[in-house]
Structures are given as structure tokens and as C-alpha cells.
Amino acid sequence: MKSSSLSNNTLGVCYNKGKLLQKIRRRQDVEELKKRVGHEAVKYVESNMTVGLGTGSTAYWFIDELGRRLKEGTLTNIQAVPTSNRSKEQAKELGIPLVELDQVDHIDVLVDGADECTLKHFEGIKGGGGALLHEKIVAQNSRQIIWILDESKIVKELGAFPLPIEVIPFGSWRLFKKLEQAGFHPAFRMQSDDSLFITDSGNYIIDLHLKSIPYPPQLAHELKSAVGIVEHGLFLNYADIVLVGRSNGNVQTFKKES
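For what it's worth, the working numbering labels the leading residue of the sequence shown as 626, then goes sequentially.
Note that these hints are calculated values from the structure, not bench results. Misleading hints may appear alongside valid ones.
[Said to hold, decoys possible] Calculated pairs, PhoX-like style, for lysine-lysine (alpha carbon to alpha carbon, straight line, at most 20 Å):
#1 Lys849 with Lys803
#2 Lys696 with Lys660
#3 Lys836 with Lys781
#4 Lys880 with Lys781
#5 Lys761 with Lys881
#6 Lys745 with Lys880
Could you build the full structure based on these sequences and the hints that come with them?
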């Protein structure tokens, strides 16, 4: 009996270890996709450009490669506008020259990620990294917008990923209750120490767990008209090009129909 019990325990440990290794490999594979598509996006950057630096795990690899190209001299006279403090710090470490948005007339190209994206209409949810307000402001001042994604972010309909909204702290609990009553299933975004997540502009983020968004423009209008909501994470008709890293190692390019 003891021998059988030990054997079962050993099998259980091996099974769990195998599952853990599979999970680690999947994460490594996804990270490799993000790296590949992030590096691919640098091809859209030319010397003498003002570049918008997105925020998130895929944008990280774009910034990383941009810094490398500047260091080796294949790109010169680049200045960049970051969309978050996180991207700003990474760019500083890599020696990428930074400017404030108000110091430039326009941004030539913005490269950013997305949490979900439909390829039919290029509708997206952004803000998983908490920078949706700054990302949208920079996007509205960019001549060309490129989204970089791994294939897991491509969906037929938005909504499985929680939709973030940035709200001012004053009256945020009352706003939360209204969102709850409207059936939006809201949740304040928290940090690892259980304190409220604070954006770079000093606001809170409420994530809406909607599961599906059949009519994104209608919801965007509804959220935009609510007092206390600074911005929402629906990015509709923003991206010009979407680069998608596929599991076969290829990067697919999708362009907005003119």
C-alpha cells in the first residue's frame, strides 16, 4: 500500500512539474513573439523622426530595439515622446533623446501595443498598463500609428479583456456605484500591496468586466459623456497598421483600408 501511495505521489509531482514546464515554455514563446514583432516595428522608423513610445510588454521590445539602432548608428537624430513614466525610464536608460509632447508640432510615428484588437475594423482595447490617457493623447497627435501584438490579442469581438476607464479620484466611489448599477461589473484596479493603482496623471482606473462589447462606438459615446470619467480604453479608428506576431515565427502586416 505504501509503495502504491508513493508511486501515485511521484506521478502527481511529475504531472504537475510537466504542466509547470509547459506553462513556462508558453510564456517564453509569447515573449519571443512580442520581441520579434517589437523589433519588426522599428523598420517603420527613419532617421530625423519624432517617435511616440508606447507602453506595455510588447512596446518594451520596440523601445529596446530602437535604442540599439541608435547606439549602433543605423538610426540618427531621433527624438521620442513617451506615453508613460515606465517607457520614459526605459528610453532614458537606453540613451534615447526625449522631448515633451508640447515641444513638437507632431509625432511622425507612434508604435504601441494593444490588449485586444479586431482586424476587421482595427478596434482595440488599451490601458492594461495603465497609460490609456497619455496613449490616446499621443495617438491623436501622431501622423502614423502602428500597433504591435502577439496573435493571442486578436479577437473577433472586444470585451473579454477588462475595459479600463481612467477616473478622477473625487466622487469615484459614487461613479463606481453607478457603473455597477448599469451592469458594467466594475472593479477598482489595485496594486500588489492592495493599494489603489494611481495613473501618471494621479487618477484611478476602474476596469469594466463586460465579457463582450457588441457595439464599441455606442459604449465609447456613453462612457465619454459620463462626468468623472477622464478617458476610456476603447481605441476606435486609431491604428493605421497592425503587426501581428504568429506562433510560426512570422510577423503579419495588416493595413487600414483607405
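Structure-based check of each hint:
{"no.": "1", "hint": "Lys849 with Lys803", "in the structure": "14 Å, holds"}
{"no.": "2", "hint": "Lys696 with Lys660", "in the structure": "18 Å, holds"}
{"no.": "3", "hint": "Lys836 with Lys781", "in the structure": "13 Å, holds"}
{"no.": "4", "hint": "Lys880 with Lys781", "in the structure": "17 Å, holds"}
{"no.": "5", "hint": "Lys761 with Lys881", "in the structure": "18 Å, holds"}
{"no.": "6", "hint": "Lys745 with Lys880", "in the structure": "10 Å, holds"}
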